[in-house]
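Participant: Combine both chains into one complex, guided by the hints.
Respectively, the protein sequence lines represent chains B and Z. Read in order, the letters of the first sequence are residues 1 to 224 in the numbering used here. Read in order, the letters of the second sequence are residues 1 to 381 in the numbering used here.
There may be inaccurate statements among the hints.
[Said to hold, decoys possible] For each label pair, taking beta carbons as the anchor points, the in silico distance ranges come out as:
#: 1; chain 1: Z; residue 1: N29; chain 2: B; residue 2: W58; range: 49 to 59 Å
#: 2; chain 1: B; residue 1: G48; chain 2: Z; residue 2: P79; range: 24 to 34 Å
#: 3; chain 1: B; residue 1: W58; chain 2: Z; residue 2: T16; range: 29 to 39 Å
These are calculated hints, taken from the structure and not from any lab test. Every value quoted in this text rests on a predicted model; they were computed, and no experiment measured them. Backbone N, C-alpha and C define an ideal beta-carbon position, used for all residues, glycine too.
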Amino acid sequence: MSMLLAARNPILRWSYFLEQWDRIQGAIFQHLQLTLMSVLLGFIISAGLAAIGLRYRWSIGPITLFAAFVYTIPSVAFFGVLRTTPLGLSVYTVLIPLTGFTLLILVTNILDGFRAVPASVKEAADAMGMTPMRRLFTVEVPVAVPYMINGLRIATVTIVGLVAVAGIVGYGGLGNLIMEGIRRQFWSPLTIGASLSILLAILLDLLYFLLGRWLTPWARTARS
Amino acid sequence: MDADLKGPAIRFRGVTKRFPGTRTQAVDNLDLDIERGSIVALIGPSGCGKTTSLRMINRLIEPTSGLIEVEGTDVSSQPPVELRRGIGYVIQQVGLFPHRTIAANIATVPRSVGWDKARIDQRVAELAEVVGIEPSMLSRYPDELSGGQQQRVGVARALAADPPVLLMDEPFGAVDPIVRSRLQDELLELQDRLHKTIVLVTHDLDEAIKVGDRIALLNVGGVLEQYATPDELLRAPANDFVERFVGEGRSMRRLGLATVADLPYEAGPVVEASADVAAGLAVIDELRTDWLGLVDDDTFLGWIPREELVPGADLASLERFLPAAQVEPTSTLRSALEIIMTSRTSVAVISDNGRFRGTVTLERIRAGLAGDFDAPTEHAA
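So that you can see chain Z by itself, here it is in the shape it has in the complex (with noise of 0.2 Å):
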């Protein structure tokens, strides 16, 4: 295969399903592109062709016009065989073969293709790992498996001769909402260190939006009304159908995507420990708060109640409260947004490593959700 490695892993052009008997389209003159490395969400309500579109990526359903390229190959001019062995494949049913044991049943693939025993052994053994499959289970049958083990294993199956792709049909789908997160936060970790081309369908906005580089929407019909990044997904919805479907919660969804970071940060109520009581006072009267954090230099020290900002105090020696908790840049709006709710001082503290950055209030996570800080913030170092 010519690996064309500087386009998209995986091109939809004009790719247009009908299927016999039926009067609209499935998939309606598709165009998208997956960048190489990247989780791509097919979602959508039913019957807006996302599985279809996911199984013409390697053949199991047939467009009927227009091009599919794997790898920069047109996927029509290869034999359905030997592609599907280059394209992992995960469904939510999983469809392990029940009369073979874990280990068989993931060399799958390998075996097709001839590798020896001992590679075979050997990658199996990698991949149990990988996965999160005790090795005493690979000489177990599928039936003595949970449903979220059965899941690992058909994971560990698509992956097992090393496909660049990997196309997943409702994976977590069939398991229960612990055992579906777990798994979600599994397959984000295992794309950390493999860098899989990976098109996901799913029916779960809040499964799209956490594992999804970007989102496809689609509608009824095959029709693809936006695709684009979580967080642009919700922020700004292309249209009536995309922001219905979003729907309700879009800022309370957004506070798991969006980071501290995204805020510019500002210093809030908060002076140096050598300033005097009146500079104090002065700070958190303009900002309308009652209490004052103290920092020396880069180091958050605490903060000090308005009843204490006598005249003539001495600020350094004040009684202190540390906040339970302190953010950092890289923290949800969410985790900021608990630590507010939780403190007295309704202010959480910005700590990068240690060193003091600024605080966030609820007033600024509001603004940024509400987009006014739309343009990319800069922190100095």
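Chain B on its own, in the form it takes in the complex (with noise of 0.2 Å):
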């Protein structure tokens, strides 16, 4: 019985993969647009927080405590109530929720990578006669870049893993392959959605590395 099911619902159906490669291919472009625009939107938003932060100490706290309540909402929740106003299925309302939710590893990674920067660096700065523009664009944001692209590599991943919860409202890139897989009980488009939002996490996680090495070569020349 087992048998014939499977062999009637395989794993992956090749020819369905050919067939429908059309709307794959527009899945995961839906899927990578979704990824880098909230992740990229969530940056965005996180430099502004972390620079309140950083300018008024006292803020951090309130900031890190909001972004980690929205980190807290259910994505499926998040999701479906935004459906019921009048976003309605736009683009808006799958973005809203997947910014949201890169907000606490944003900030976290940003404000950690400011108070690595060394004090004696900071005053060595100073005392080169820096301006404090010049100090923050020439020493502190360098040397907080690879805790920049950590957090942006953590955020990316999990906002992969996160778009493809967003099908549940039909608006999820890989998410829906993956959606229709489950409604209609037929294997292939789950397999197919499942399997490339895994690749595609995997190839972004590697892109960051190499951007890492690329833009830190101090970082990793290191003595051990």
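Facilitator: Structure follows, in structure tokens:
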């Protein structure tokens, strides 16, 4: 019985993959687009929040608390609730929660990056006659870059997974294929959606790794 | 900058610093003149304001009241950014920029002030040689260097735009004693060539004595207790605090500071080779020693033990023992003492480029340290 079922509903039917290639391609593109847009937006907002936090130390607590609160909202509920608002089924319904989920990871990593700049390095920069702006952009930001890239890396991989969840409202890139597979009890789209989502996460992770090596040659040469 | 080349390079006048929220001053009404081309060591217990005083010079800290002049100009009248580009700064943790190569670190200030690339490259290569950094290291990053190498780069970076004044905050505090001693020697060699005005904060009295032309000893609350040369500080502490601070081992420390030339020379148990045995015996009897030295004109010939001095012997033909080592007028009393302790004759021979000048004994050194010869000593050329 199960053998028969498996024969009719294999893990992956290759013909399905070829027939549906246009749809799959579109799903990959949407998945990538949602991921990169939310991470980019999240990074811009987080940079702003981190700047406020570094300028007014007391605000770090509330900022982190806010980001952590957003992070704890179950993603399914977040998408579902926004779906019922006037936003309806638009890109914003998905993009707003996704962006929100990146904040905690990005804000904490950016702040960690700036806090990792040794006091002696800042003192030396001042004593060499650097203006505060020059110190920020030629010393503090570059020294914080490895932390920022690390934050972006974790946020991106997390978001690739969460975009798939947005398939629940029908706007989730490869998540749409996964949902279709579940609804139709048909393995092929589910397998394709899930494995491509994983592959995408791994590829992006690798890209960040290479970006990190390229941007911070000094960080990997440390004596160990 | 209108350099007032006659006055001191750095002048503190009535400088007081009180940090907000504290009751006592960090620095209290400080007057200090730092002579151009000299090294002044600021020393004292923690809380004495030595680092605060240093950091007020380049306006990393602003004084509450009082005046600080660098090269004749009130520092508060200069924008901090410009002021600091003209003052070298070296700190204990070095603070090299980890994301920049060694060459780029050294080039920090020249780049800020807009030198062209060729001039910067040339200056970086020059400084690498001055502080002893291999050219191959210039393209590396700070984390690849040892602590001592990093500190050398820190000094090179501070010297990059050739500032007349160099501020150093416990520059050798983070390296091990052997490296520290070598870096101190290098600083002194550097100073022989560059003649900078250097203010150095330290908590190590031996370091202050070794590198300082003068030492400013501060007490808790930022009170200047004594400002004097190392020898003066050890020989004549101004008060109980100074005496306690320089503490035990004052005489031992002075051994490394005072030189043989600070003592009046004495001939010692030495006669001309043409003298007869009776005259030689008379000399060593009077000085109560068992060895007689022989000189021929200006050359020290060697030592003869008392047993050989039998009546009728010819002094010049007796077997002589040459001293293993001699001292120069510029030698420290420490090295003279070393020779006295290791020679059978208990006497060190002073030789000035091979010419016999006299002898040093333990008693002479003791009297010297006790201040018996405090009046300036003059030696016939």
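Participant: Does each hint fit the structure? Answer for all of them.
Facilitator: We went through each hint and held it up to the structure:
no.	hint	in the structure
1	Z/N29 / B/W58: 49 to 59 Å	violated, 37 Å
2	B/G48 / Z/P79: 24 to 34 Å	holds, 30 Å
3	B/W58 / Z/T16: 29 to 39 Å	holds, 32 Å
The structure does not agree with numbered hint 1 stated previously, though it agrees with all others.
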